[in-house]
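Residue numbers (the UniProt record's numbering), protein chains in the order written: chain A, 1 to 368; chain B, 1 to 368.
Do not take every clue at face value.
To be verified - Below, simulated BS3-like cross-link-like pairs (lysine-lysine); rule was C-alpha separation at most 27 Å, straight line: (1) Lys329(B) - Lys292(B); (2) Lys41(B) - Lys337(B); (3) Lys62(B) - Lys292(A); (4) Lys53(A) - Lys167(A); (5) Lys53(A) - Lys329(A); (6) Lys62(B) - Lys41(B); (7) Lys208(A) - Lys84(B); (8) Lys84(B) - Lys84(A); (9) Lys342(B) - Lys329(B).
Claimed, not checked - Interface residues of chain A toward chain B, partial, derived using beta-carbon atoms under 8 Å: (10) Ala67; (11) Gly68; (12) Arg128; (13) Leu132; (14) Pro149; (15) Gly151; (16) Phe152; (17) Arg204; (18) Leu234; (19) Val238; (20) Thr248; (21) Pro321.
Hints were generated in silico from the structure; no laboratory data involved. Please read all numbers here as calculations on a predicted model, not as lab measurements. Built from N, CA and C at the ideal position, the CB exists for glycine as well.
Protein chains: 2
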Amino acid sequence: MTAGMDHSRARAGRTVISVDAMGGDEGPATVVAGISLSAKKNPDIGFILHGPKEVLEPLVAKRSNLAGRCEIRHAADVVEMEDKPSHVLRNGRETSMWSALESVRNGEATVCVSCGNTGALMLLSVMRLRKLGGIYRPAIAVMWPSRNPQGFNIMLDGGADIRADAKDLMQYALMGTSYARNGFGLERPRVGLLNVGTEEHKGRAELKEAYDLISANARHADFEFVGFVEGRDLPGTVCDVIVTDGFTGNVALKTGEGIAQLISQLLREAFRYSPLSQLASVLAYTSLRRLKKRIDPRRANGGVFLGLNGTVVKSHGSADPTGVSSAVKLAYELAQKGFSEKLAARVASANMLDQDATAETRNNGETE
Amino acid sequence: MTAGMDHSRARAGRTVISVDAMGGDEGPATVVAGISLSAKKNPDIGFILHGPKEVLEPLVAKRSNLAGRCEIRHAADVVEMEDKPSHVLRNGRETSMWSALESVRNGEATVCVSCGNTGALMLLSVMRLRKLGGIYRPAIAVMWPSRNPQGFNIMLDGGADIRADAKDLMQYALMGTSYARNGFGLERPRVGLLNVGTEEHKGRAELKEAYDLISANARHADFEFVGFVEGRDLPGTVCDVIVTDGFTGNVALKTGEGIAQLISQLLREAFRYSPLSQLASVLAYTSLRRLKKRIDPRRANGGVFLGLNGTVVKSHGSADPTGVSSAVKLAYELAQKGFSEKLAARVASANMLDQDATAETRNNGETE
Chain A
1 MTAGMDHSRA
11 RAGRTVISVD
21 AMGGDEGPAT
31 VVAGISLSAK
41 KNPDIGFILH
51 GPKEVLEPLV
61 AKRSNLAGRC
71 EIRHAADVVE
81 MEDKPSHVLR
91 NGRETSMWSA
101 LESVRNGEAT
111 VCVSCGNTGA
121 LMLLSVMRLR
131 KLGGIYRPAI
141 AVMWPSRNPQ
151 GFNIMLDGGA
161 DIRADAKDLM
171 QYALMGTSYA
181 RNGFGLERPR
191 VGLLNVGTEE
201 HKGRAELKEA
211 YDLISANARH
221 ADFEFVGFVE
231 GRDLPGTVCD
241 VIVTDGFTGN
251 VALKTGEGIA
261 QLISQLLREA
271 FRYSPLSQLA
281 SVLAYTSLRR
291 LKKRIDPRRA
301 NGGVFLGLNG
311 TVVKSHGSAD
321 PTGVSSAVKL
331 AYELAQKGFS
341 EKLAARVASA
351 NMLDQDATAE
361 TRNNGETE
Chain B
1 MTAGMDHSRA
11 RAGRTVISVD
21 AMGGDEGPAT
31 VVAGISLSAK
41 KNPDIGFILH
51 GPKEVLEPLV
61 AKRSNLAGRC
71 EIRHAADVVE
81 MEDKPSHVLR
91 NGRETSMWSA
101 LESVRNGEAT
111 VCVSCGNTGA
121 LMLLSVMRLR
131 KLGGIYRPAI
141 AVMWPSRNPQ
151 GFNIMLDGGA
161 DIRADAKDLM
171 QYALMGTSYA
181 RNGFGLERPR
191 VGLLNVGTEE
201 HKGRAELKEA
211 YDLISANARH
221 ADFEFVGFVE
231 GRDLPGTVCD
241 VIVTDGFTGN
251 VALKTGEGIA
261 QLISQLLREA
271 FRYSPLSQLA
281 SVLAYTSLRR
291 LKKRIDPRRA
301 NGGVFLGLNG
311 TVVKSHGSAD
321 PTGVSSAVKL
331 AYELAQKGFS
341 EKLAARVASA
351 NMLDQDATAE
361 TRNNGETE
């Protein structure tokens, strides 16, 4: 009996996650290892795994955790990291990425997970799943480790797009707070708008417009707007959701990763330095391991595309099995909560409120 | 005998640094403590210290390291962090910041150090010191801890301005490499242009133009252009100098600080967690102290304004005495090397080469 014939069992009573096995730097074996980890931790998950059947069947067969849990859906082609998104849109019907999105489009699965080419994934997601009604610009929301009680902050846009005007940033605030409520149970998330400097006369002029729009929405919607924040607040405690354009967000994200990696390397070297410090590392092993888990970007790497019909979780291209598994975990949690529907409702009501609110602001000549 | 009467001794045979004592979050006592540290470490430094005489004289008198080394120059006013730069330009003649820049303008000192309001400092510096001939847009160059042999990477613009077009970015590359040669002795620095993604079809269109200009210059000038780099390369090893616009650069800088701070806090907590880990921290004390020194942003905080007649070192507003002292150290090293003159010569020759090179590029229809 092949894994392909188990699909009725894979889906019976379980939450189904559609997974693109291809396109990550580490290849399909890593993805399969990751979903196997997830299957082991969570009996409620079933998978539809997309990619070349002849490649995937042997990999899945080796994983006892996936027996009866994973349907393989054949797709011969792969989207490469260097492929242009427009090219993939025209020519990518046979790719595993396209196939993985189709499962969400046709309702077989509620969420899709992919490690592949972000630009192609975003364009395909937008074209095949379509934007939720009322959304101007979908965004990738990413998680930052932080000292807030929930342990993470949300930042968007982390790189779906390059630019964002004031209305886009206002919607990012709405989408981000909806995600914060549904993903972290934060009833009244605090939102910050990323800028340089903390006085209002510094920074880009278009951010002032965004500031006013977000303020106007906060008054009526269920979030608190803390105003402009700086880069150091991304892992900080002054807010839970940080809003910025995709270029800035992606640079910040990659910078944070680079610094964390540098410190990890230096820490390892510091502990190899002398017999005393080596002894110290042994004694501190448990504490250091806990710390590493706390700040490890691989555990927080499940970026989520917000603003589409259906949820898409983008894992890092370089994700290892732990990273893939955490992306799957996030996908599962969002599927449980009917997240897309709630987000759509939130944006729709806010658009109406926003028109009222900005009219009111203009009439009163005031800003928050 | 007051410090004021010692100025001939303060300057005799020494390199003179002009220091703004006011405007930092921690106040003038911190600045005086910092320059006292520097005076102790380096017998060759003399200071002109600017601020209200009645405030500074008692502070300086308490520091035996500064006896005969520090002339106090009275200035009654202070530039506050919230002052608008344009306001300071119109009304700031009596401020310590203005006075500190005057000492450079009139040749009493070669470099100026200030902890105050960056926007005001930059505007005053540009207006009072003037841009070097041929420079379009001065920039702040900041240092990132890195695993390169020199221990640091240079990034510019760290926040002097908000936007930069292709020609500005090209000049940032020239200024940054001049600083890398004179500050770090790197004969052939590697330059990267900050972008999102590593494939050329991602990222902002204006960066492609900058890519071509920098490539054209690299062929003739003494640096290597590695092409687009990402945020994670800021503390990395693929290049020595990273070029970006001031908004992006400042967000990256503050983000890096926030992450480093988060990790430091978590590390401290990890080592307090249990008696075993507390013991571990004692054993590892020396190694951890070395590590902290390595990544401590306070030691790398001397941002330098490049592109002016005279060198201005901007310390963090929140700098403590260690931070002030490291800014002074940087100022001293640049003063030693005749840095401004070398940079001016480099930019002038590159502008001419650039006109030839881009003409050549257009004729050949090629890019690097």
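Going down the list of hints, with the structure as the test:
{"no.": "1", "hint": "Lys329(B) - Lys292(B)", "verdict": "holds, 19 Å"}
{"no.": "2", "hint": "Lys41(B) - Lys337(B)", "verdict": "holds, 19 Å"}
{"no.": "3", "hint": "Lys62(B) - Lys292(A)", "verdict": "violated, 46 Å"}
{"no.": "4", "hint": "Lys53(A) - Lys167(A)", "verdict": "violated, 44 Å"}
{"no.": "5", "hint": "Lys53(A) - Lys329(A)", "verdict": "holds, 25 Å"}
{"no.": "6", "hint": "Lys62(B) - Lys41(B)", "verdict": "holds, 17 Å"}
{"no.": "7", "hint": "Lys208(A) - Lys84(B)", "verdict": "holds, 16 Å"}
{"no.": "8", "hint": "Lys84(B) - Lys84(A)", "verdict": "violated, 45 Å"}
{"no.": "9", "hint": "Lys342(B) - Lys329(B)", "verdict": "holds, 20 Å"}
{"no.": "10", "hint": "Ala67", "verdict": "violated, 38 Å"}
{"no.": "11", "hint": "Gly68", "verdict": "violated, 39 Å"}
{"no.": "12", "hint": "Arg128", "verdict": "violated, 21 Å"}
{"no.": "13", "hint": "Leu132", "verdict": "violated, 25 Å"}
{"no.": "14", "hint": "Pro149", "verdict": "violated, 15 Å"}
{"no.": "15", "hint": "Gly151", "verdict": "violated, 11 Å"}
{"no.": "16", "hint": "Phe152", "verdict": "violated, 12 Å"}
{"no.": "17", "hint": "Arg204", "verdict": "holds, 6 Å"}
{"no.": "18", "hint": "Leu234", "verdict": "holds, 5 Å"}
{"no.": "19", "hint": "Val238", "verdict": "violated, 11 Å"}
{"no.": "20", "hint": "Thr248", "verdict": "holds, 6 Å"}
{"no.": "21", "hint": "Pro321", "verdict": "violated, 21 Å"}
Of the numbered hints given earlier, the model fails hints 3, 4, 8, 10, 11, 12, 13, 14, 15, 16, 19, 21; all others are met.
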